[in-house]
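S.K.: Protein sequences, first through last, are from chains A and B. Residue numbers for the first sequence follow my numbering, beginning at 1 and rising by one. Residue numbers for the second sequence follow my numbering, beginning at 1001 and rising by one.
Any given hint could be a false lead.
Derived pair list, reagent style DSSO-like, types lysine-lysine, alpha-carbon separation capped at 27 Å [stated by the list, open to error]:
#  : chain 1 : residue 1 : chain 2 : residue 2
1  : B       : K1056     : A       : K300
2  : A       : K240      : B       : K1023
3  : A       : K325      : B       : K1047
4  : B       : K1023     : A       : K322
5  : A       : K325      : B       : K1003
6  : A       : K226      : B       : K1044
7  : A       : K253      : B       : K1052
8  : A       : K334      : B       : K1047
9  : A       : K261      : B       : K1056
10 : B       : K1044     : A       : K256
11 : A       : K240      : B       : K1047
12 : B       : K1063     : A       : K108
13 : B       : K1023     : A       : K103
14 : B       : K1056     : A       : K226
15 : B       : K1023     : A       : K261
16 : B       : K1044     : A       : K103
17 : A       : K129      : A       : K322
18 : B       : K1047     : A       : K261
19 : B       : K1023     : A       : K70
20 : A       : K300      : B       : K1060
21 : B       : K1047     : A       : K300
22 : A       : K70       : B       : K1044
23 : A       : K334      : B       : K1023
24 : A       : K322      : B       : K1003
25 : A       : K129      : A       : K159
26 : B       : K1052     : A       : K222
27 : A       : K240      : B       : K1044
28 : A       : K129      : B       : K1003
29 : A       : K300      : B       : K1052
30 : B       : K1060     : A       : K256
31 : A       : K222      : B       : K1047
32 : B       : K1044     : A       : K222
33 : A       : K222      : B       : K1063
34 : A       : K129      : B       : K1060
35 : A       : K253      : B       : K1023
36 : B       : K1023     : A       : K300
37 : B       : K1044     : A       : K334
38 : A       : K325      : B       : K1044
Simulated from the structure, these hints should not be mistaken for lab results.
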Amino acid sequence: MAYKVIHYINQFFANIGGEEMAHIAPEIREGAVGPGLGLNQQFKGEAEIIATVVCGDSYFNENIEAATTKIIDLIKDYQADLFIAGPAFNAGRYGTACGTICKAVQDKLNIPTLTGMYIENPGADMFKKEVYIIETSNAATGMRKALPKIGSLAMKIVKGEDILDAKTEGYMLRGIRKNYFADKIGAERAVDMLVKKLTGEEYTTEYPMPEFDRVNPGAAIKDLSKARIALVTSGGIVPKGNPDHIESSSASKYGKYEISKVSDLTSAEYETAHGGYDPVYANEEPDRVLPLDVLRDLEKEGVIGSIHPYFYTTVGNGTAVKSAKAFSEEIAGKLLNDGVDAVILTST
Amino acid sequence: MVKGIEATGIPVVHICTIVPISKTVGANRIVPAIAIPHPLGNPKVDKDEEYKLRRKIVEKSLKALTTEIDGQTVFE
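So that you can see chain A by itself, here it is in the shape it has in the complex (with noise of 0.2 Å):
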């Protein structure tokens, strides 16, 4: 008999919808769905999808608790062998589900789980270490190069075979050692290394020092009537018709607006430029996103000094970490120059 999988997807895989249907609640449906009928082709036959839960982006991360308890009570009576969810690809959304739900089924119903996504996804640096995450191209159009890594690795999970180490095996780095024996002691293995770094060849080390990407808080405001206070956002406010043309997703630029004349952003004067969330309530009222009309406010009751006259944004949807690191370095630069004492940043 085969393998019973349980297979999770997000309303845009479902084929329900786009952003318009990311509030959808979980549901479950029997057999497989969109993504599921190519998983199922990988099983060759020895492993079977027998339900696909649907879950709405947004609902998912906006109701974590109550998606993740109704999610396991509609698929604790299948008495599957393995839960897969995804491949999320660069959806920051999907992938945190992805992630949320697999660990959750691993700890809840001991089934054993696994997902895919792009390393740049937030859901993998959150769930990397206690889930396997194959790791994916950054769109979509990876589903064909993805799907069989996780079927393979799905295989060796429902079987009980030997997984092998993550470059291998394709997940990503969960920071566990297991012992094995090498060809060479680990002196020779050392030198060889050497030899290959002075001469520069590549090499691959046995021991990845850790990143601790971290900063440390900005000190506290003292004085917060005296405070210049700026506004940032990812979540893409530009004035209408978007002049600078900020992509909708994977932005490359960021835009800087004057707003020392505003006292309320207006939908006959502002809008979104982001692609990744429904835009209607944004467009309707973009204070919604960036709050300038409580914050004129509190500027005119002295509770703060004043606001920085430019406001700064982009469109934080897809795009590339090393983008909004840049684009960060130079807003901050900026406002260091300006004076600015304390920023508030919203994201969607």
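Based on the hints, put chain B in the right spot on chain A.
M.R.: Same frame as chain A, now just chain B:
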């Protein structure tokens, strides 16, 4: 974005809906928002009510900016 700016020493408060993501990327002062497509608003309530809701979150953010912290802190 948050880290790039805060690296200069300017304190940053991050208002966002998915707090776990904000924590993972390394924001230090975090204020939870309402919903992904409308972090500082709620289209289901009337204008005045919605303004009050937004104001509350902004005031919480200002409080976060005036609070000395040692590490990542979520201001509920």
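S.K.: So if I understand the rule, the pair passes when the alpha-carbon distance is 27 Å or less; does A:K240 with B:K1023 pass?
M.R.: Status violated; Cα separation ~32 Å.
S.K.: Take a quick look at whether A:K325 and B:K1047 sit within 27 Å of each other, Cα to Cα.
M.R.: Since the Cα atoms of A:K325 and B:K1047 sit roughly 36 Å apart, the hinted pair is violated (cutoff 27 Å).
S.K.: Between B:K1023 and A:K261, does the CA-CA distance stay at or below 27 Å?
M.R.: Measuring from Cα to Cα gives roughly 35 Å; hence the hint is violated.
S.K.: Has the given pair, A:K325 with B:K1044, been kept, meaning a C-alpha gap of at most 27 Å?
M.R.: violated, 36 Å
S.K.: Checking one constraint from the list: CA of B:K1023 to CA of A:K322, max 27 Å. Satisfied?
M.R.: holds, 19 Å
S.K.: With a cut-off of 27 Å on the C-alpha distance, tell me whether A:K70 and B:K1044 pass.
M.R.: Holds. A:K70 to B:K1044 sits at ~25 Å (cutoff 27 Å).
S.K.: Does A:K159 lie within 27 Å of A:K129 when you go C-alpha to C-alpha?
M.R.: Distance ~22 Å between A:K129 and A:K159 Cα, so the pair holds.
S.K.: Regarding the pair B:K1047 and A:K261, is the alpha-carbon distance no greater than 27 Å?
M.R.: Within the cut-off at roughly 23 Å; holds.
S.K.: Sort out whether A:K108 lies within 27 Å of B:K1063, counting only the CA atoms.
M.R.: violated, 38 Å
S.K.: Decide if the proposed pair is consistent with the structure: A:K334 and B:K1023, CA atoms, cutoff 27 Å inclusive.
M.R.: With a Cα-Cα distance of about 26 Å, the restraint between A:K334 and B:K1023 holds, given a limit of 27 Å.
S.K.: Holds or violated: B:K1023 with A:K300, Cα cutoff 27 Å?
M.R.: Violated - the C-alpha atoms of A:K300 and B:K1023 are around 33 Å apart, more than 27 Å.
S.K.: Tell me if the straight-line CA distance from A:K240 to B:K1047 falls inside 27 Å.
M.R.: Holds: A:K240 and B:K1047 sit about 22 Å apart, inside 27 Å.
Hints 2, 3, 6, 7, 8, 10, 12, 15, 16, 31, 32, 34, 36, 37 and 38 from the list above are not met by this structure, while the remaining hints are.
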